[in-house]
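Trainee: Each chain is listed here by its residues.
2 protein chains.
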Amino acid sequence: MATFMDVHHGMNGITADQLAAAHRADLAIQAEEHVNFKQVWGDPETGTVYCLSDAPSKEAVQRVHDRAGHRADEIHHVPLTA
Amino acid sequence: MATFMDVHHGMNGITADQLAAAHRADLAIQAEEHVNFKQVWGDPETGTVYCLSDAPSKEAVQRVHDRAGHRADEIHHVPLTA
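Sequence lines, in order, name chains A and B.
Quick note, the first sequence lines up with residues 1 to 82 if you use the numbering used here.
Quick note, the second sequence lines up with residues 101 to 182 if you use the numbering used here.
No false leads were mixed into what you were given.
Below, computed lysine-lysine pairings styled on DSS-like, alpha-carbon distance capped at 27 angstroms:
1. B:138 / A:58
2. B:138 / B:158
3. B:158 / A:38
4. A:58 / A:38
5. A:38 / B:138
Derived by calculation from the structure, the hints in this document are not laboratory data.
Values in this document were obtained by computation on a predicted structure and should not be read as measured data.
Excised from the complex, chain A in its bound form (with noise of 0.2 angstroms):
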């Protein structure tokens, strides 16, 4: 398992309730990936969303988003934490 930070570029607007039920759709098929979202932050002003999640890889993190409707502009491995 690692830690990705992924991206999503032109949620302008989203709202709060708009990017919960988002992350509840990849949290109802993460498991099917071994994937696990862990905190989900948004911008509605520069339309961007990071997710953090621990995953077996980047593709499986982009399934996930994938196959709920939001498929991330940048996933990037975070080996590092302080």
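With chain A's structure known, arrange chain B on it following the hints.
Mentor: Chain B only, in chain A's frame:
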């Protein structure tokens, strides 16, 4: 207080020790700007570092990073979380 995610680019090859030292430099002065850096994640391969903070403003976050010698390339107010 609000929550911010800031992003540093061009940190390719950053090590765990370097990330920890940079974070410590922020922590050492953050109180003067009423900022609380909560966590930092780094991707040495793409040179991307994410910092999560509670702060009074984007400008306060940037002042801490500036004074610590590592200006952020992006600072996002993230009022939404899930």
